[in-house]
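Please build the complete structure, drawing on both the sequences and the hints.
Residue numbers (numbering that gives the first Met the number 0), protein chains in the order written: chain A, 0 to 194; chain B, 0 to 194.
Think of the hints as simulated: they come from the structure by calculation, not from any bench.
Quantities reported herein were computed from a predicted structural model and do not represent experimental measurements.
Hints may contain errors.
Here are the simulated lysine-lysine pairs, DSS-like style, with alpha carbons at most 25 Å apart [said to hold, decoys possible]: (1) LYS152(B) - LYS190(B); (2) LYS190(A) - LYS152(B); (3) LYS152(A) - LYS54(B); (4) LYS190(A) - LYS152(A); (5) LYS54(B) - LYS190(A).
Calculated Cβ distances over 12 Å to all of chain B for the following chain A residues [said to hold, decoys possible]: (6) ILE10; (7) PHE92; (8) PHE96; (9) ARG138.
We treat Cβ as the ideally placed atom computed from N, Cα and C, and that holds for glycine.
Protein chains: 2
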Amino acid sequence: MARTAGSHSDITGPRVRAAALQLFARHGYAAVSMRQIAREVGVQAGALYNYTPDKQSLLFDLMRTHLEELLAEHAAMPGAPDPVAALERFTRFHIRFHARRPDEVFIAYMELRNLSPENFAEIELLRRRYEDELENILRAGLAAGVFAVADTKVATMAVIAMLTGVNTWFREGGRLSLNEVERIYWDMVRKAVGL
Amino acid sequence: MARTAGSHSDITGPRVRAAALQLFARHGYAAVSMRQIAREVGVQAGALYNYTPDKQSLLFDLMRTHLEELLAEHAAMPGAPDPVAALERFTRFHIRFHARRPDEVFIAYMELRNLSPENFAEIELLRRRYEDELENILRAGLAAGVFAVADTKVATMAVIAMLTGVNTWFREGGRLSLNEVERIYWDMVRKAVGL
DNA sequence: CTTTTAAAAGAACAAACGTTCAGATAATCT
DNA sequence: AGATTATCTGAACGTTTGTTCTTTTAAAAG
Chain A
0 MARTAGSHSD ITGPRVRAAA LQLFARHGYA AVSMRQIARE VGVQAGALYN
50 YTPDKQSLLF DLMRTHLEEL LAEHAAMPGA PDPVAALERF TRFHIRFHAR
100 RPDEVFIAYM ELRNLSPENF AEIELLRRRY EDELENILRA GLAAGVFAVA
150 DTKVATMAVI AMLTGVNTWF REGGRLSLNE VERIYWDMVR KAVGL
Chain B
0 MARTAGSHSD ITGPRVRAAA LQLFARHGYA AVSMRQIARE VGVQAGALYN
50 YTPDKQSLLF DLMRTHLEEL LAEHAAMPGA PDPVAALERF TRFHIRFHAR
100 RPDEVFIAYM ELRNLSPENF AEIELLRRRY EDELENILRA GLAAGVFAVA
150 DTKVATMAVI AMLTGVNTWF REGGRLSLNE VERIYWDMVR KAVGL
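Structure follows, in C-alpha cells:
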C-alpha cells in the first residue's frame, strides 16, 4: 500500500498537530513516541515527517503558535480608560483565554525543559512579553496611586500564577461558569493589589 | 570488577535518590534513563536495583516522602489564636518550605502524569490533605467574619497557586530575602481574602 | 583467619526509540 | 487519457531503553 484514499496535507497536517497536542499534554513530550502520534492520526510513523522535520519542531511549533495567539488576542483588546479597568480586562482575558486552551497551556508551562536551548530562548521571549503587559498595568496603577504593591515584579508573578492556576481545577460545564470564575478571581486580584 | 571499595548501602542509597531527584527535576522523569542516574552516582545501571524495585518506585518514593514531610512539618507548627494568624503562618510556612525544596516541588507538580494510577491516587490524597488545611483556615475566618471570599474552594486554589508560584522565580541569594518574599506575599494574601 | 553476606560489575535481553528511504498509489494537472 | 506530483506504506537503520542475571569482590560476622 501507499497513498491512501482521501489523503490530503490540508487534512492530515492539522490532525498531526492536534494529536501531538493532546498526547503531549496527557503524557508529556518525552513519554510520547512518534508512533503513538501516528497511530492517533491513523497513519504510519514515517508519514509524520511530511509535516514536521522532527519531533522537537512539533513541540516548538505548538508552543510558539500558542504564545503568538495569546499575544495577538491580547493586543486586539480595546484600550482601557484607567489602570483598574485595564487590570480587570487583563484578569478576565487571561482566565478566559487559558481556560479555553487547557492542553496548550499545560504544554507551554510543562515542556519548557524539553526545548532545545535556541527554541527555549525564543519561547521565553514571548512569555516575557506577555508578562510585561501585566507589569506595565501594575506600574501605571502604582504611579496613579490606585494600586498598592510592595514590589511590582513580584506582584506580576503572583497574579499570573494565581490566574494560571485556574487551569488546574476548572472544567467547563462544572459547578461554576467561566463568568463566575472571572468575577471571583477579579475580586481577589483587585483586593490583593488594591489600597 | 564487582563490589567496589567503600561501597555501602547507607551511602549509595541516599545518593541514588539524590541523583534521581536532581535529574528528574532538571530533565523530567521520562527523559532520564536509569543509566544517567547510575552515572551520576558513579555506579553501573544494574546496581540501582539494589535500592529500588524499578524506575517508577523511585519517582513515587520521592513524591511521597516530599508530601509526607510537608504534612508532618505543617502539623508540627504551633496552633494559631485566630484565623488571620493561622493564615499568616500557613502563608509563610508554605513559601519557606517550598523555596527550600525546589526540586521536590517541581517533581511533585510536574510528574503526576508519570505515576501509575494507584500511585497517583495515593499522592493525590496527600496533596488534598494539605489543601484541606488551608481550606479549613479560610472557612473558619469566613465564619468568624474576618475573611470575605466569594467561594472558599476557589480561594483555596487561588492562594495555593499564588504561593507555589514563588518557586518559578525565587532563588536564595537573589534580590529579595526569603523573609521579604514572605512579607510581600502575606500582604497580598491578607488583602485578597480580607474584608 | 575463615566464613558469610552485601554490593557492585558487566554482559545480556527483547522491546521501543527517532528517523530515513525506496517503492507504491491516490490526487491533480495537462 | 496520460503524465506528474503529493502522500503514505513498510521495511530498515543504529541506539537506547528498563530490567535481569551471573560472577566477582569488599565488608562484616564468627
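Structure-based check of all given hints:
For the hint linking LYS152(B) to LYS190(B), the alpha-carbon distance of about 17 Å falls within 25 Å, and the restraint holds. A threshold of 25 Å between alpha carbons decides the hint, and for LYS190(A) with LYS152(B) the separation of about 18 Å falls inside it, so the pair holds. Taking the CA atoms of LYS152(A) and LYS54(B), the gap is near 39 Å; set against the 25 Å cutoff, the hint is violated. About 17 Å separates the Cα atoms of LYS190(A) and LYS152(A), which keeps this hinted pair within 25 Å; it holds.
For the given pair, LYS54(B) sits about 46 Å from LYS190(A) by alpha-carbon distance, which is inconsistent with the 25 Å threshold. For ILE10(A), the non-interface assignment is confirmed: its Cβ lies about 29 Å from the closest Cβ of chain B, beyond the 12 Å cut-off. Once the 12 Å rule is applied to beta carbons, PHE92(A) is consistent with being away from chain B; the minimum gap is 17 Å. The beta carbon of PHE96(A) is kept farther than 12 Å from every beta carbon of chain B, the shortest such distance being approximately 17 Å.
Residue placement check: ARG138(A) keeps its beta carbon more than 12 Å from all beta carbons of chain B (closest about 16 Å).
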